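Spelled out from the first residue to the last, the chains are:
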Amino acid sequence: MLKIGFMGIAHMHGYSYAKQLKSIEGVEVTGVYDHDREKREKAASVLELNEYDSPEKLIAASDAVVIASENSLHRKYTQIAAENGCHVLCEKPIATNEEDAKAMIDICEKHGVIFQMAFPVRYVPSVKRAKETVESGVIGQVVAVSSTNHGRMPGGWFVEPDKSGGGAVIDHTVHVVDVIRWVLDTEVEEVSCNMDRFMYDIPVEDSGMLFMKLANGAFMTLDSSWSRPKAHPYWGDVTIRIVGTKGTIYIDAFDAKLEVYSNENGIKWENYGDNFDYYLVRDFVETVRQNKKPFTTGNDGLQSLRVALGAYESSRRNSEVVLL
Amino acid sequence: MQRIAIIGCGMMGRVHSGAYATIDRKNFEVIYVSDPILQKAANCSEILGGVEIASFEKILEDDSVTVVDICTPTYMHKDMVVSAAKKGKNVFCEKPVSLSRHDSLEMIAACEQNAVKLGVGHVTRFFPEYVKNIELIKSGEIGKPVMARLYRGGVFPSHGMENWFNAVDLSGGVIVDLSIHDIDLARQIFGEVEHVEARSAKLSNGSNADNFDHAMTVLRFKSGAIVHIEGSWAQPTTMPVGFRTAFEIYGEKGMINFDSEKNSTFRVYSAANSGGYLGMNCTAVNPYALELEAFVNSVDSGGDVPVDGNAGLKTLEIALAANISAKESRTVYMKELNLNA
Chain G
1 MLKIGFMGIA HMHGYSYAKQ LKSIEGVEVT GVYDHDREKR EKAASVLELN
51 EYDSPEKLIA ASDAVVIASE NSLHRKYTQI AAENGCHVLC EKPIATNEED
101 AKAMIDICEK HGVIFQMAFP VRYVPSVKRA KETVESGVIG QVVAVSSTNH
151 GRMPGGWFVE PDKSGGGAVI DHTVHVVDVI RWVLDTEVEE VSCNMDRFMY
201 DIPVEDSGML FMKLANGAFM TLDSSWSRPK AHPYWGDVTI RIVGTKGTIY
251 IDAFDAKLEV YSNENGIKWE NYGDNFDYYL VRDFVETVRQ NKKPFTTGND
301 GLQSLRVALG AYESSRRNSE VVLL
Chain F
1 MQRIAIIGCG MMGRVHSGAY ATIDRKNFEV IYVSDPILQK AANCSEILGG
51 VEIASFEKIL EDDSVTVVDI CTPTYMHKDM VVSAAKKGKN VFCEKPVSLS
101 RHDSLEMIAA CEQNAVKLGV GHVTRFFPEY VKNIELIKSG EIGKPVMARL
151 YRGGVFPSHG MENWFNAVDL SGGVIVDLSI HDIDLARQIF GEVEHVEARS
201 AKLSNGSNAD NFDHAMTVLR FKSGAIVHIE GSWAQPTTMP VGFRTAFEIY
251 GEKGMINFDS EKNSTFRVYS AANSGGYLGM NCTAVNPYAL ELEAFVNSVD
301 SGGDVPVDGN AGLKTLEIAL AANISAKESR TVYMKELNLN A
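Which chain is which? The protein sequence lines are G and F, in order. Residues 1 to 324 (the numbering used here) are what the first sequence spells out, left to right. Residues 1 to 341 (the numbering used here) are what the second sequence spells out, left to right.
Hints are computed from structural coordinates only; laboratory data are not their basis. All values derive from a computational prediction rather than experimental measurement. Accuracy of the hints is not assured; some may be wrong.
[To be verified] Below 30 Å or equal to it, Euclidean Cα-Cα: the simulated DSSO-like pairs (lysine-lysine) are:
#1 F/Lys-26 / G/Lys-268
#2 G/Lys-292 / F/Lys-87
#3 F/Lys-132 / G/Lys-268
#4 F/Lys-327 / F/Lys-253
#5 G/Lys-230 / F/Lys-132
#6 F/Lys-86 / G/Lys-230
#7 G/Lys-230 / F/Lys-262
Looking at chain G on its own, in the form it has when it is part of the complex:
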């Protein structure tokens, strides 16, 4: 039996991971710790989990932890886990600054525990197919990528920069950047970013537009904004257009949808597609069981974070930032 606990449950993805982990044979979800008593009580009751009042007690009962706390606490919890021989699945972004991210990678290496990043979009079947298609040469040489990761404004700690590290840009940039690094087997060389607070009265930016130069010579844009109004029928999107010299690939990861028009609940889309979170946690479980190198490593977390941090620096300096 593999015992997995939840170290912090401030991020809503934690709820989904917990539900999916419970469906996997041979996995026991041991319980939940959060420094915020209200959050851990709520999670314990909704997910029917044991409640722990300290990280140490949770770790004593677990072989591995999912860290779904505020971003700024990832380093602290990773350190406690690693020092106690506990494997880690860490919510994105890996941290709020480069120093923390590097320290997390180092300490897990030092103690020989697995550190895996939670990048669910890598598990999207159309993304995997895109990688195969690019590698087959069907679309020729990739010259450009146009992408979006839209969402609704989440509020709460996500808009408190000391906890989140920023707004929409740090929240959303890392998903698509990670996917493109993998699909095209390249790195981001240069980033520039325009960002602003357009729609909400919050202390962080709600919208960002990144321009990137990739090491393989292609250029790329990414709209990572909380620009989805509440009235929109779906929470957000991940779309990626990969333009090659001989063809184009278009991904719309969440387009498996029914349109629902309800007089009482308004208009919404209901997704019937695959559960990417399930694929992600199942892979983490297999990685731990077989003690293998994770599909998404700490370095993947670090590299995508560097792009997001570069975007902020670019916005402050009003010029492009060289990353490589």
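Take the given structure of chain G and dock chain F to it, following the hints.
Same frame as chain G, but now just chain F:
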């Protein structure tokens, strides 16, 4: 532990072989594939990693076979299902269950008398978009469902052995073979049908055009609900995507829409696909695998069959009524059909 034989290695036999190949076969194994055309049997055998090829007769005589999966053309279903049941084999039979009420009743009776299970391949019940649709309706999202428009169509299925789909007395035509999926869905949502009005190019217009048909069926349910079903084997072979399904479900308090052509998680546009694009399924779910796994589990556990012979017959009866309506250009009441059986 169930031991399965696949009978018929045409289009559906290949689809089933591919589905079994994706399932974690904990409580069953596929031990035979069978087709009079050896090359077709060999193809399915290869998909399943070299399963033995045997004749239907030999499979019936092998007492270790517990399940036969009938993937032959519709007009062969009845004899094969009855003889398999008499040998004590559980039967999974592709849809439509047969071509008549009489044949279907004989199949159901043979399975009952020999205490074996009969499942019918109404696979749309396992497609994730249809599962989600039923969930939403049951949760009350659109209130009481009152109307629906259901569409399913594409190019003519010219892959059939000796072009059997083209012969209405062998395939039942586009309503019995294709729209039957939507009739099954409509039954799931709306229950019992009162009367049927249908027209088809082949049955109503006296059209002799080969490899072509298009039909519209309007169902009036006992609840009062009205359902429009359109089925097509009339799309040009040059269509970029060969097949489309769509549904609109209207409730007293809302509606649900789906259109397979609008949804697309992945497209490749390249010189290799001139004028169109290459897509992929919107989900990794294999509905055939779910369907077959559910049937095998019901055999294994002695539980209920997801879609049994009676459910298959109820759906078929509506399709047959539609054929009569199309042929005679009049409204057909379900009760008159039952009286004549």
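Structure-inconsistent hints, enumerated in ascending order:
Hints 1, 2, 4, 6 contradicted; others consistent.
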